[in-house]
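Got chain A sorted already, so can you dock chain B onto it with the hints?
2 protein chains.
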Amino acid sequence: MVVELRSWKVLERKSLLNKTPWFHVWCETVQLPDGRIVEDYYKIEGLEGVVVVALTQDRQVITESHYKHGIGEITLDFPGGYIDSGETPIFAAKRELLEETGYKSKQWISLGRYVLDASRGFGAANIFLALNVLRNSEEISSNDLEDTHLNLMPFEQVLKAVFDGKVKEIAVAAAILLANQYLYGNLREDIY
Amino acid sequence: MVVELRSWKVLERKSLLNKTPWFHVWCETVQLPDGRIVEDYYKIEGLEGVVVVALTQDRQVITESHYKHGIGEITLDFPGGYIDSGETPIFAAKRELLEETGYKSKQWISLGRYVLDASRGFGAANIFLALNVLRNSEEISSNDLEDTHLNLMPFEQVLKAVFDGKVKEIAVAAAILLANQYLYGNLREDIY
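Keeping their order, the protein sequence lines are chains A and B.
According to the numbering used here, the first sequence is numbered sequentially starting from 9.
According to the numbering used here, the second sequence is numbered sequentially starting from 9.
Mixed in with the good hints, there may be bad ones.
[Stated by the list, open to error] Derived contacts from chain B toward chain A, CB cut-off under 10 Å, selection only:
1) 41
2) 44
3) 46
4) 126
5) 154
6) 173
7) 175
8) 188
For the record, the hints were derived by calculation from the structure and aren't laboratory data.
These numbers come from a predicted model, not from an experiment.
Glycine residues also receive a C-beta, built at the ideal position from the N, C-alpha and C atoms.
Just chain A, same shape as in the assembly (with noise of 0.2 Å):
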């Protein structure tokens, strides 16, 4: 059964308050398509990051530990950050991962772009994963606030945290289960 679902209409749209380039609030006034009017729809877009799950040729991920001010809370992540204008989302990864870690690959896969919030169009993180990286430097130079703490973690390792709740920020949680299907994928037919 084929169903149309029609896009929205939008008839205004004004500007809320600009943090550009952090982010940019806005209302918009919509059409539904069975003709409603919505007067304040709120978008909020903000940037495009990248997270990189990179491993290691005995499988280990580099997995980075910091406080992030957003929660309060000290989390595990993925090297990653936000691309610069200008740059492709490949492009940041591999940047993002040499200044964050000093690590190189020559190995990089796409495992999508997802948006953080569907309803309000916020942010939106391109995941990829780096197959045998290797140390390219000793110097790391991020100009990120936050202290971070590196470490190499097997891979099963960094799984079970994801379920023991050491991993708080969603695209991180859905980084490594990406890989983990890309990798070693369980679409076997004799489960279902």
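Here is chain B on its own, set in the frame of chain A:
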């Protein structure tokens, strides 16, 4: 090695845009552990939501297809929505599943709570797995603005849809991957 990761100190906090209950934008002056002062650290308080991976006895997943205005596109989604004031996450999950689909379950598993953006603190998704769901009512009473097309889809097909780019929101991708890992987890010793 134990590394101390210290939290930041909030010196001042002012409201920039209050669109409660939807979101509230704040500007904080914070002091980092090394003494540096950041005068314009923005936080966006967002709503807590629930996402439900609902499986029938023959392992079909209840999916929703709808246009989401934040992205201006159609995306594959799961039942879910915002947690109402005073509700627990599990109560909201049961309510949303029944309201949006007419289905109920007696077996609920929490797959964790994850923030959408650990830097800004924007919103959070509480992810649940509901097993052996049964249709309780033909009546569906969603208050959502979106036209929604409900569908039962084999578990494997939903996983494939993630890799085919049909799932555009990070919490939905994370939810099916968490459910897959929980149900058919491949943390086998032999692959490490």
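Taking the closest Cβ pair, is residue 44 of chain B under 10 Å from chain A?
Interface hint status for residue 44 of chain B: holds (8 Å vs cutoff 10 Å).
Next item in the hint list is residue 46 of chain B. Is there a CB on chain A closer than 10 Å to its CB?
Nearest chain A Cβ about 7 Å off; hint holds.
Residue 175 of chain B as an interface hint toward chain A, with CB separation required under 10 Å:
7 Å, holds
When the least beta-carbon distance from residue 173 of chain B to chain A is tested against 10 Å, hint result
6 Å, holds
Can the hint on residue 41 of chain B be confirmed by a CB-to-CB distance to chain A that is less than 10 Å?
6 Å, holds
Against chain A, with CB atoms and a cut of 10 Å, does the hint on residue 154 of chain B hold up?
8 Å, holds
Against chain A, is residue 126 of chain B within 10 Å by beta-carbon distance?
Nearest chain A Cβ about 4 Å off; hint holds.
Residue 188 of chain B as an interface hint toward chain A, with CB separation required under 10 Å
With a minimum Cβ separation of about 7 Å from chain A (threshold 10 Å), the hint on residue 188 of chain B holds.
The earlier numbered hints are all upheld by this structure, with none contradicted.
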